[in-house]
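Chemist: Take the given structure of chain A and dock chain B to it, following the hints.
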Amino acid sequence: MRYLDEYRDAELARRLLAELHRTATRPWTIMEVCGGQTHTIVRQGIDELLPPGVRMIHGPGCPVCVTPLSAVDKAIAIAARPEVIFTSYGDMLRVPGTRDDLLALRARGADVRVVYTPLDAVRIAEQNPDRQVVFFAVGFETTAPANAMAVLHAADAGLANFSVLVSHVLVPPAITAILDAEDNQVQAFLAAGHVCAVMGWTQYEPIAARYRVPIVVTGFEPLDLVEGILMAVRQLEDGRAEVENQYVRAVRRTGNPAAQQAMTRVFRVTDRMWRGIGPIPASGLRLADEFSHFDADLRFATADIEVTENAACIAGDILRGVKLPTDCAAYGSSCTPRTPLGAPMVSSEGTCAAFHNAGRPSTVEVS
Amino acid sequence: MSVDPVAATCPVPRAETERVLLGHGSGGQLMAELIDEVITDELGTQGPLEDAAVVGVADLDLVFSTDGYVVTPRFFPGGDIGSLAVHGTVNDLAMRGARPVALSLAYIVEEGLPIDELRRITRSVAKAAAEAGVQVVTGDTKVVGRGAADGIYVTTTGIGVRLEGAYPSAAAAVPGDVVLVSGPIAVHGMAILNARADLGFDSGITSDSRPLHRLVAAMIEAGGSAVHSLRDPTRGGLASALNELAAASGVGVDIVEKDLPVPARVAAACELLGLDPLHVAGEGCLVAFVAPESADGVLAAMRNLPEGVDACRIGAVTDAPIGRVLARTLIGSRRIVDMLVGEQLPRIC
Numbered sequence: 001m002r003y004l005d006e007y008r009d010a011e012l013a014r015r016l017l018a019e020l021h022r023t024a025t026r027p028w029t030i031m032e033v034c035g036g037q038t039h040t041i042v043r044q045g046i047d048e049l050l051p052p053g054v055r056m057i058h059g060p061g062c063p064v065c066v067t068p069l070s071a072v073d074k075a076i077a078i079a080a081r082p083e084v085i086f087t088s089y090g091d092m093l094r095v096p097g098t099r100d101d102l103l104a105l106r107a108r109g110a111d112v113r114v115v116y117t118p119l120d121a122v123r124i125a126e127q128n129p130d131r132q133v134v135f136f137a138v139g140f141e142t143t144a145p146a147n148a149m150a151v152l153h154a155a156d157a158g159l160a161n162f163s164v165l166v167s168h169v170l171v172p173p174a175i176t177a178i179l180d181a182e183d184n185q186v187q188a189f190l191a192a193g194h195v196c197a198v199m200g201w202t203q204y205e206p207i208a209a210r211y212r213v214p215i216v217v218t219g220f221e222p223l224d225l226v227e228g229i230l231m232a233v234r235q236l237e238d239g240r241a242e243v244e245n246q247y248v249r250a251v252r253r254t255g256n257p258a259a260q261q262a263m264t265r266v267f268r269v270t271d272r273m274w275r276g277i278g279p280i281p282a283s284g285l286r287l288a289d290e291f292s293h294f295d296a297d298l299r300f301a302t303a304d305i306e307v308t309e310n311a312a313c314i315a316g317d318i319l320r321g322v323k324l325p326t327d328c329a330a331y332g333s334s335c336t337p338r339t340p341l342g343a344p345m346v347s348s349e350g351t352c353a354a355f356h357n358a359g360r361p362s363t364v365e366v367s
Numbered sequence: 001m002s003v004d005p006v007a008a009t010c011p012v013p014r015a016e017t018e019r020v021l022l023g024h025g026s027g028g029q030l031m032a033e034l035i036d037e038v039i040t041d042e043l044g045t046q047g048p049l050e051d052a053a054v055v056g057v058a059d060l061d062l063v064f065s066t067d068g069y070v071v072t073p074r075f076f077p078g079g080d081i082g083s084l085a086v087h088g089t090v091n092d093l094a095m096r097g098a099r100p101v102a103l104s105l106a107y108i109v110e111e112g113l114p115i116d117e118l119r120r121i122t123r124s125v126a127k128a129a130a131e132a133g134v135q136v137v138t139g140d141t142k143v144v145g146r147g148a149a150d151g152i153y154v155t156t157t158g159i160g161v162r163l164e165g166a167y168p169s170a171a172a173a174v175p176g177d178v179v180l181v182s183g184p185i186a187v188h189g190m191a192i193l194n195a196r197a198d199l200g201f202d203s204g205i206t207s208d209s210r211p212l213h214r215l216v217a218a219m220i221e222a223g224g225s226a227v228h229s230l231r232d233p234t235r236g237g238l239a240s241a242l243n244e245l246a247a248a249s250g251v252g253v254d255i256v257e258k259d260l261p262v263p264a265r266v267a268a269a270c271e272l273l274g275l276d277p278l279h280v281a282g283e284g285c286l287v288a289f290v291a292p293e294s295a296d297g298v299l300a301a302m303r304n305l306p307e308g309v310d311a312c313r314i315g316a317v318t319d320a321p322i323g324r325v326l327a328r329t330l331i332g333s334r335r336i337v338d339m340l341v342g343e344q345l346p347r348i349c
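Protein chains in written order, with the numbering used here: chain A, 1 to 367; chain B, 1 to 349.
Just chain A, with the same shape it has in the complex (with noise of 0.2 Å):
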């Protein structure tokens, strides 16, 4: 396949790996903020291949993993409701809230669907004039502009059926609650690459400039995570602390204007709690109050309920990148991508789960 072969080349991975061992003189501490780079790193095994003291911790860019427990919990209450057809990307339908997954409400018989985007939620919503049609709109700014898109298209078509369960959250205030917490260890980040395709690098200026941190925009490929390791290590032995850009097939620095539009139009920033972290100022996406009447959550009035996280799970600290999943007395036993106590063990991007899913941790030998 064309724009993905050339980037799993193994020549190349053992050159570039060749040049990072070369490079690295000194232990850094690296964070790959997205959910699928941890997934490539973990799956590939890159974290294997690298110089040693040169460590990766794996960040909180799972969109599954740090929607709150809250959201997860009105999203069961809403599907419950005889009226609703309940639609969602996959891989929120299994994170465990309180009591109960989507999945399991599923099998009992509430109308949940997977869609694959939040135009075919519309959709439904047109072709189902006497039922409420709610789209789970999560996910980091890489998902926004679909689902603004949705509600631009659903405002058009005047669809009084149609509301969006709104829990979006942004990258940037992430890495800076992360670079203020006093027990951070991370002295590099790799961007994710979708989320700059859409909004560019220049909200990560100011980080790089303000914490004196490396910050490289990195793709999802084999090839482009060692890449971009090399980079942010380069910088650090440099002693630079820039935004690069290793993604450049896709990421400009302006980003994508037109899907910026769409988010601005639809979308204002609020503060949002993040499952496993906390609240974190101006950091999520709330609907503008010009699209109030497509707002779920005011829609079925979910405003009241309570919430309680499994008190085993460490998701948290493996968020922050402050432990690993191998760290955690659940992981492996009573926490499996089966039995899944927190939400990293849930997607296939979350940390925990990429982690299971590959073995870890492995009696064989790496070789």
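What you were told as hints is all true, and nothing was included just to trick you.
Selected chain A positions facing chain B (in silico; Cβ < 7 Å):
hint, residue
1, Gln44
2, Ala107
3, Pro222
4, Gly359
Just so you know, the hints here were simulated from the structure itself, not pulled from any lab data. We put the beta carbon where it would ideally sit given N, CA and C, even for glycine.
Modeler: Only chain B this time, still in chain A's reference frame:
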């Protein structure tokens, strides 16, 4: 009423211990647990789970298998529920080294199904059976009320006779065996996903559904009892098939990721949907564990037939870690290939 011990001790919902979920049918870990903890437990069945059973009758080794077919959509590029019901059961018989002889055919039809559609499906059954050289010798038709089934469900049961010198079993693999696959993997599953109208793109993928018993006969002729284990990776994909064989034989399996035959279109569609081709079903390929001294001969025999023309070597059977499948990754590291957990859910981004 007794208290469910799981619910009593665990604060986390374990709904799948109470009700069957769709994921229980996806050929992965959930399904394995359901079969183990409910079905074989109640039946008192022992021994490894095989695609088909060998039953000795007088001095004849009969091979016996049954399978239900519920595919949506019922007609898809490369086949339909009728041809699939023939190929699937013929292939289950073949995986025990059998020459298929006869099939039964049972329909559960939902009220309202166009009779013309029932005719088309039955015509497809007849054509597939004739091409495979098996006869449909008995059957049953039931009609249930609207909403009690989704159009039509088809069950076929097959009997066959074991080929001379053929003893393939899930439990017969030994360290040193070569791992062969007969052709492209993950094709049927992606054709079906693509045929569901809601994907919004056309990948042009056609199902690989086809009978494999002639391929197996050629392999047995070339390798005889050196053909240790055979399995057609249907639901759960190659990952499930390899894990099941590794567990049943008490061996490890090493595969090389770059040697996996994944057609470009299938790989592209998997990328787009965030699916792992190792977890996606095929209906026209098999995986074989063959003693090393016979592997070249068996491979050559496979490549002589249209259904095995793309046959290739993807790895080897090892002595440890037992029950585990390891893959050498594209960049030269290693990872464990696990079974799919439950339902295959596309990723968000």
